[in-house]
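J.: Listed here are the chains, written in short residue letters.
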Amino acid sequence: MSFKKKWVFLLVLVLSLGLLLAACSGGDNEESSEGGDSSEGNSEESGEGTLAADQTFDINIKTEPPSLHPGTASDSTSGIVLDQIFEGLMRINQDGMPEEAMAESVEISDDKKTYTFKIREDANWSNGDPVTAQDFEYAWKWVLNPDNADTDYAYQLYPIKGAQEAKEEGASLDDVGITVEDDKTLVVELEQPTPYFLDLTAFYTYYPVNHNVVDGNDEWAQDASDNYVTNGPFTLESWAHKDQIVLNKFSDYWDSETVKLETVNMYMVDDANTSLEMYNSGELDWVGDPSSPLPLASIPALKQEGNLNISDLAGVYYYAFNTEESPFDNVNIRKAFASAINRQGIVESITQRQEQPAMALVPPSIWEENKEGYFKDNDPEKAKEYLQAGLDELGLDKLPKISLSYNTDEGHAAIAQAVQDMWRENLGVEVELNNEEWNVYLDSMGSGNFQVGRMGWLADFNDAINFLEIFQSVGGNNYTNWENEEYASLLEESRTLTGDERKEVLREAEQIFMDDMPIAPVYFYTNTWLNKDYVKNIEISGLGSVQLKWGYLVEE
Amino acid sequence: MAKYLLKRLAYIIVSLFFIITITFFLMQAAPGGPFASEKKLTPALEEQMNEAYGLNDPLYEQYFNYLVNAFTFDFGPSFKYVGQDVIEIITRSFPYSLILGIESILIALSIGVLLGVIAAVKHNKFGDYTAMVIAVLGISVPSFIMATVLQYIFAIKLGALPVARFESFAHTILPAIALATTPLAFIARLMRSSMLDVLNSDYIKTAKSKGLGQRVVTYKHGLRNAILPVVSYLGPLVVSILTGSFIIESIFGIPGLGSEFVVSVTNRDYTVIMGTTVFFSVLLLVSILLVDLLYGLVDPRIKVAGKGGK
Numbered sequence: 001m002s003f004k005k006k007w008v009f010l011l012v013l014v015l016s017l018g019l020l021l022a023a024c025s026g027g028d029n030e031e032s033s034e035g036g037d038s039s040e041g042n043s044e045e046s047g048e049g050t051l052a053a054d055q056t057f058d059i060n061i062k063t064e065p066p067s068l069h070p071g072t073a074s075d076s077t078s079g080i081v082l083d084q085i086f087e088g089l090m091r092i093n094q095d096g097m098p099e100e101a102m103a104e105s106v107e108i109s110d111d112k113k114t115y116t117f118k119i120r121e122d123a124n125w126s127n128g129d130p131v132t133a134q135d136f137e138y139a140w141k142w143v144l145n146p147d148n149a150d151t152d153y154a155y156q157l158y159p160i161k162g163a164q165e166a167k168e169e170g171a172s173l174d175d176v177g178i179t180v181e182d183d184k185t186l187v188v189e190l191e192q193p194t195p196y197f198l199d200l201t202a203f204y205t206y207y208p209v210n211h212n213v214v215d216g217n218d219e220w221a222q223d224a225s226d227n228y229v230t231n232g233p234f235t236l237e238s239w240a241h242k243d244q245i246v247l248n249k250f251s252d253y254w255d256s257e258t259v260k261l262e263t264v265n266m267y268m269v270d271d272a273n274t275s276l277e278m279y280n281s282g283e284l285d286w287v288g289d290p291s292s293p294l295p296l297a298s299i300p301a302l303k304q305e306g307n308l309n310i311s312d313l314a315g316v317y318y319y320a321f322n323t324e325e326s327p328f329d330n331v332n333i334r335k336a337f338a339s340a341i342n343r344q345g346i347v348e349s350i351t352q353r354q355e356q357p358a359m360a361l362v363p364p365s366i367w368e369e370n371k372e373g374y375f376k377d378n379d380p381e382k383a384k385e386y387l388q389a390g391l392d393e394l395g396l397d398k399l400p401k402i403s404l405s406y407n408t409d410e411g412h413a414a415i416a417q418a419v420q421d422m423w424r425e426n427l428g429v430e431v432e433l434n435n436e437e438w439n440v441y442l443d444s445m446g447s448g449n450f451q452v453g454r455m456g457w458l459a460d461f462n463d464a465i466n467f468l469e470i471f472q473s474v475g476g477n478n479y480t481n482w483e484n485e486e487y488a489s490l491l492e493e494s495r496t497l498t499g500d501e502r503k504e505v506l507r508e509a510e511q512i513f514m515d516d517m518p519i520a521p522v523y524f525y526t527n528t529w530l531n532k533d534y535v536k537n538i539e540i541s542g543l544g545s546v547q548l549k550w551g552y553l554v555e556e
Numbered sequence: 001m002a003k004y005l006l007k008r009l010a011y012i013i014v015s016l017f018f019i020i021t022i023t024f025f026l027m028q029a030a031p032g033g034p035f036a037s038e039k040k041l042t043p044a045l046e047e048q049m050n051e052a053y054g055l056n057d058p059l060y061e062q063y064f065n066y067l068v069n070a071f072t073f074d075f076g077p078s079f080k081y082v083g084q085d086v087i088e089i090i091t092r093s094f095p096y097s098l099i100l101g102i103e104s105i106l107i108a109l110s111i112g113v114l115l116g117v118i119a120a121v122k123h124n125k126f127g128d129y130t131a132m133v134i135a136v137l138g139i140s141v142p143s144f145i146m147a148t149v150l151q152y153i154f155a156i157k158l159g160a161l162p163v164a165r166f167e168s169f170a171h172t173i174l175p176a177i178a179l180a181t182t183p184l185a186f187i188a189r190l191m192r193s194s195m196l197d198v199l200n201s202d203y204i205k206t207a208k209s210k211g212l213g214q215r216v217v218t219y220k221h222g223l224r225n226a227i228l229p230v231v232s233y234l235g236p237l238v239v240s241i242l243t244g245s246f247i248i249e250s251i252f253g254i255p256g257l258g259s260e261f262v263v264s265v266t267n268r269d270y271t272v273i274m275g276t277t278v279f280f281s282v283l284l285l286v287s288i289l290l291v292d293l294l295y296g297l298v299d300p301r302i303k304v305a306g307k308g309g310k
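These protein sequence lines map, in sequence, to chains A and B.
Mapping the first sequence onto my numbering, position 371 (from 1) lands on 371, and the numbers just tick up by one.
Mapping the second sequence onto my numbering, position 74 (from 1) lands on 74, and the numbers just tick up by one.
Hint data in this document are derived by calculation from the structure and do not stem from the laboratory.
Just so you know, not all the hints are guaranteed correct.
[Unchecked claim] Restricting the straight-line Cα-Cα distance to at most 16 Å, the calculated cross-link-like pairs of lysine to aspartate or glutamate (EDC-like) are: (1) K112(A) - D58(A); (2) K40(B) - E469(A); (3) K157(B) - D182(A).
[Unchecked claim] Coverage of chain A stretches by chain B, computed from C-beta distances (three or more under 8 Å per stretch; other residues unrestricted): (4) 148-159; (5) 260-270; (6) 278-290; (7) 528-536.
Where a beta carbon is used, it is the ideal one built from N, C-alpha and C, also for glycine.
Construct the entire structure; sequences and hints are all you get.
T.: Here's what the structure looks like:
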């Protein structure tokens, strides 16, 4: 009997060990290690080699796009699909600059407030209609019509004269500065000179819709149907919800010679590990940012193999201080906490995606000089000085226990634990970690129920104002309760300026901001992804968008 | 019988009412709303959205609308997926979960019962131990680990089956097995113990002493009685497999209802939460009723109408 029992025990042991081993050996992938050691953007180089016969590109977009209506879309997944099938007046080119797309030319008035767009004669909709100025007017005014809900991104159109008044204050849509001069001429008047307006016209909220088809048909964007009419380099062939989107090349696109890809399969696989395995087994040509993140745990190994592509992303990861809560109502205390963070350590050993340590608000991809930043990273001595000064001002001997909040996520947790340790070591302060589910977290942040909280910001368009205006007034995305009159008036002033003058004023504002330190910036984001060697010229922008227009596959 | 059915239906409606009410108030109590996002809307825009989705109405009115909607199965559009009807979402995702569920229930039932019977017949012999080792492993290895291991061995190492997604029969094999392991193991253990009980009971001895063969005794007289606990486990099993497939669906990238159910809560997608909850509740209540009816068929000693109408 006892012999039998031992035997059973052994059997269980062997079997479970076997399972364990099978699970563990998943770490060292034998495949895909031939990639060489160039870790930076090999898809940027325009590739050599002959075009592959089969131009089918497979990518994972992670989830169902919440909306494929350009007017109601407000998230990156929808954006990734829309950017391929629609086209605005401008398109961001391979150098990251706006270039003429639906518009063949644009004239800007001397006061930089009136833009006159000429639309291409050969710009067509996928049902054969020509693209007209009316299509743009219709699309934009549809978004600005207060009767149309779900237009979360209406504020993207607010630089246009009268837009905000029409959407929010009941002013007439006829007073909005959008005028159709003739079928092919669109005149747009702006509230103020907006140096990034051309960038905006490449954004999906600014995409046209075919008003002949769409008018009176609210359901047109629900499915791939005859009513789903597009004007971009690709057309929407099919849309199996939550499963797969198929795009085909649009043969009547004005620049269709440039477009090489014939078919694009966009799968919706949520799990990051599965997505990576699909890539390894050849079911995907691309995995990772911006459409679906790589699993955190896989990054070190992928980096070692040298296959990881990394590019800058215009975004900042930061800790917001609640400037109304003691002790963070004291500027020296805030500076002490900011200086006591070892950012280099965080990006090197935790996030590991070659992020830039952030000692400023605006990412270096917008302002090159911010690579340096406004203060020194990992400066415990300075931090102790600030701490002492702050404690003296507050009349305290020792800091009370503080709490650091973040939304539940393994990456945020790892960073928060590291920062907790740095603060304890450098400032001798007890730090309590507090994590909450995303919606709950936003609620607590919004109601000021935090001391230090994690936040992030990704730019919508490539301009510093995007970051600076968050903190112009309390509320909205500014959770810090920090306000500064001078700062706000500098931002207002910048809106009437252009060129270097404008930049100077904005830099001045950033200086004020960093002197007051209502947030402790941690790092500037990057895109990290893998792509097969035969994939060329797919454009990843600093704003986290993907452009397949110029992409192609070569023979392996 | 009709009276019994009517009574059960009334119970179902009352339970549904409680489920809906509790869900509604929990949903309202949860912090955060469907329009919360990293990039905040301007206050005026948020107001317009709340107005359009009826979130500005007084609570009792929302509750009343919600009750009416739930009982008419008209849940309205999703908050998150602009313009997509909840009914549409359910009808397009449920078939995936259903196929996956049926496959794994079949696997769990057939193999589970088989293992249980083998273990009982070969009590304390090699067959018993093998079956029980499999059962213990099946219960202790969580389904998501099982899923990854299967994926690794069969899809990545052997390349025999696809890694993920749900397009052909080959795609369904791995997720169905992964989902089936835990219930399979449970059924095997359940089956073994009840089979042992039955095999030691008097009427089996009688059957044997009448000179019936071992095979007939086991399968004709033993199995039918021993399977009762498994039948009663079927009701909860069906529902737990259909709702609990979230993790498997997400690992294998299957666009099923299980993931919709879970994700809607994190999105605070009120209409989808309501739709999926009501849908799954009806499913649970009906399957329990069916199991009770099935009971009567398998075991003539139990009269379903017995308690109600004397």
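J.: Compare the structure with each hint and give your call.
T.: Status of each hint after checking the structure:
With a CA separation close to 42 Å, the supplied pair K112(A) and D58(A) exceeds the 16 Å bound. For the proposed pair K40(B) and E469(A), the alpha carbon gap of about 13 Å is at most 16 Å, so the pair holds. Between K157(B) and D182(A), the direct Cα distance comes to roughly 62 Å. Violation of the 16 Å bound is thereby established for this hinted pair. For a cut-off of 8 Å, the count of residues in the region 148-159 of chain A with a CB near a CB of chain B stands at 6, and the three-residue condition holds.
Counting residues of the region 260-270 of chain A whose beta-carbon sits less than 8 Å from any beta-carbon of chain B gives 4, enough to reach three: the coverage restraint holds. For a cut-off of 8 Å, the count of residues in the region 278-290 of chain A with a CB near a CB of chain B stands at 4, and the three-residue condition holds. Closer than 8 Å: that is the beta-carbon criterion, and the region 528-536 of chain A has 0 residues meeting it against chain B, so the requirement of 3 is violated.
In summary, the structure is inconsistent with hints 1, 3, 7 from the numbered list given earlier, while agreeing with the others.
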